[in-house]
Amino acid sequence: MSFDPKRDYPLGTERPDLVSTPGGVPLAEVTLDALRAGRIDAAEIRATPKTLRLQSEVARAAGREPLAASLERAAELAAVPDDLLLAVYTALRPRRATAAQLEDWAARLESYSAGKTAAFVREAAAAYADRGLLADA
Amino acid sequence: MPTGDSSPMRSRRFASRERRELHREQLVSPFPELGLIASGGPNDPEPELVVEGGVVTRMDGRAAADFDVIDRFVVAHGLDLEVAAEAMVLDDTELARMLVDIGVPRAELVRLARGLSPAKLARVIGLLDPVELMLALKKLRARRAPANQAHVTNLKESPALLAADAAEAARRGFAEIETTVGVARYAPLNAIALLVGSQTGRPGVMTQCAVEERRNLELAIRGLVTYAETLSVYGTEPVFVDGDDTPWSKAFLGAAYASRGVKVRFTSGTGSEALMGYAQGLSMLYLEARCLAAVRAAGSQGVQNGSISCVALVLSVPGGTRAILGENVLAAWLDLEVASGNDAIASHSEIRKTAKLMGQFLPGTDFVTSGYSVMPRHDNTFGGGNFDADDLDEWLTIQRDWQVDAGIEPVAEDEVLRVREKAAHAVQAVFVELGLPPVSDAEVEAATIGYDSRDMPDRDRAADVEAADDLLARGVSGLDVALALERRGFGDVAEAVLSMQRQRVSADYLQTAAVIDAEGLVHSAVNDPNVYSGPGTGYRLEGERWELLQSLPNVVDPAELLGEDAEDEPIVVERGKAARGDDSAEVVVAVGPAFADTIRRTINDLSHRDVLQAICDGIHDGGAVPRVVRVRRVADVAFIAHEGAQLSGSGIALGIQSKGTAVIHRSDLEPLDNLELFGMSPLYTLESYRAMGRNAAGYALGQRVGPVPTELDNFARAKLIVRTTLLHARETQAVQPGAAPVELELAVPVASP
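Protein sequence lines, in the order shown, are assigned to chains C and D. Under my numbering, the first residue of the first sequence carries the number 1, and numbering increases by one thereafter. Under my numbering, the first residue of the second sequence carries the number 1001, and numbering increases by one thereafter.
No lab work stands behind these hints, which were simulated from the structure alone. We treat Cβ as the ideally placed atom computed from N, Cα and C, and that holds for glycine. Please note: incorrect hints may appear among the correct ones.
Unchecked claim - Distance windows between CB atoms, simulated:
{"hint": "1", "chain 1": "D", "residue 1": "E1025", "chain 2": "C", "residue 2": "P16", "range": "47 to 55 Å"}
{"hint": "2", "chain 1": "C", "residue 1": "G24", "chain 2": "D", "residue 2": "V1050", "range": "50 to 58 Å"}
{"hint": "3", "chain 1": "C", "residue 1": "G132", "chain 2": "D", "residue 2": "M1009", "range": "57 to 65 Å"}
{"hint": "4", "chain 1": "C", "residue 1": "G132", "chain 2": "D", "residue 2": "E1025", "range": "35 to 43 Å"}
Unchecked claim - Footprint (simulated), chain D over chain C, 3 or more residues, beta carbon under 8 Å:
{"hint": "5", "stretch": "19–29"}
{"hint": "6", "stretch": "35–42"}
{"hint": "7", "stretch": "50–57"}
{"hint": "8", "stretch": "71–82"}
{"hint": "9", "stretch": "106–116"}
Work out the full structure: start from the sequences and follow the hints.
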């Protein structure tokens, strides 16, 4: 069934068929029984990139473009490892990274198909260059 | 005139006022150079947006080449230039009127806000007075129903107490609960205590543990917390950078949290730039408009604002309270969820801080406070506690007074004790199952009934932090907490904890202003939006919810108070119709229709037998002779006394109502005139009634009489007006229209001297 972002929210109650864990366990099967039986573990308890994209569509349909864009970045970052996530955050703080280093982080993000987030990092690098917020080379 | 005397003349009233709590606070006149001006500062730029070839070349007094990081970020991500062409040319006053016009829908205002520069937003908000701001806030709030957020912390970081307080907060209806740490390594333990406690009190309550970002993200990844509001933004570039962030780093972090299933709310607020030394001569409200434009541009679903920790600074300048309400309105106008402050201590003065609260309390916000201290403020490690555990009954009463839902529910003591004990037991069980240092039964008991952490047994804190490190190393998650609860017989709490894990998978709570109900249904601005458009629309406190919020544990059914006093042996016996007396030394004691009959005690709880005895003794003391009659046709004390006076041989009567109000009357006076009125019945003792009797005797014998000294307690009315009303209702029920007065005799004869 196709997805209607104006009608199918909340996904958890309106469209549970569209929501699963990263390992493909349907939402309805995240139960205490499954837990006891060892069928799900902690790594399974998170939103998938697909789910976050659907939430982005919901936000956009509600007229919230910046939130939708942030949720798109979140969908990209869902596939990015924790350490890389924190490293990129640190690099984006004032005077932590040179332009070249920020470009490297952008490229790393692209290698995880996080193209929009990579562009966001490049945009920051340009602004930091103008405002003196890059690290000394 | 100066006299050379070194000590200036002082008014004792000024001196008295200076000792009030209010005077602990410093008020200052505006000082725009340092940003100490609430709104409309002389250096605030004229609203401006110049677009050339689809590119913004000037905004709010700056050319693109001079844009700082905030300007650049807002222009890149937070302005809809198509709307701007239409919105920026609208007259400020016209926009301000649209904000309060119930005929202009919220959606239209939100749309226009996408095209307004920060200076324009601040300028328009600055045109609204406090009541207009409140109406605008009621209209612009994102979610249909208001809610509230709790703070739960304690100085000992006691897990049993954290769990019990979280359970009570959840049971009282808070939709979000926030904790933090004194010692950073405690974070996973506090997060677990909060998770277990909250889900014991009410399934679906969201929790957070405010700690450093990396640690916070780790807790989130493990499913131990569900939201974060630690992402602070500031309105000038130097302060933003001093906060070690930029709009890009914060926006990235927001998306990173969301990618791990954490609801994110940014934090901003007036006064922070002045406090941090770089307000750049700009007003607090204008700088907050810049913050909020950046928050929206970063893609945050919401913001915690309303000055937050700088509230006392904003309140030091004129118009501070209004500016804080203005910034809440501005955030709502930008379509952001608003957790509207009222958490940090705003004032030493209870009057002043409550007056400030009304701005958010009456219109209702997505979270009326961004941290109501469920425990006594002694244990609030946020530096919060503006309203705390001891203020709860006041909060509930004010909700009841205004018929307003400010997000806290009354709960009976036994039910609070039940959920607190269950939560403390549940966290005790989880600690055993997860191999953490045990929580003793003594801790469970103290957490259930204690006042604050000073009542809690001390724990081995070194063992706790070691165990917390180990817990993280073992990768313990929300799933392990659910399993531990289930194994120990807390199946319902386990199910609730697991339900929160399912919420992370569907991520519905990432949408604007989301809260989760007890059935696990998410309510956000998407599926439960505020559509207020005037009377009869939007969220109204009525029906079952209103029944709940008015039923405070201390409310009494007046029917119970109205019942007859316990039957006892008779105090008086009736001796037929009262005749006019002819003894010139006689004082008639005229009692009301219910006196010593269906009512047997005064409002000051004196028995009518003793009161009659004291009056008669007083009349004898004064050398006159008492005669007791009952007036049956009227309940008003003036008429009771006046009718008594008509029967009195001396023309003097002392009339008394059942509640104890008395009057000395003379037969030739108009009914509503009198010789002496004794209206402070709650204060009168038997000695007072004896003194009234003596004076009545003095009037009867034609002596010079000094009035009985007047006593005054202006609080008596507030305290006793309900009892007064109910007592008087019983007196009027005993009235027999047209019935003649009857002679009374004390059942036990009055002792004569």
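Results of checking the hints against the structure:
no.	hint	result
1	E1025(D) <-> P16(C): 47 to 55 Å	54 Å, holds
2	G24(C) <-> V1050(D): 50 to 58 Å	52 Å, holds
3	G132(C) <-> M1009(D): 57 to 65 Å	59 Å, holds
4	G132(C) <-> E1025(D): 35 to 43 Å	39 Å, holds
5	19–29	holds (count 4)
6	35–42	holds (count 5)
7	50–57	holds (count 3)
8	71–82	holds (count 9)
9	106–116	violated (count 0)
When held up to the earlier numbered hints, the structure conflicts with hint 9 and nothing else.
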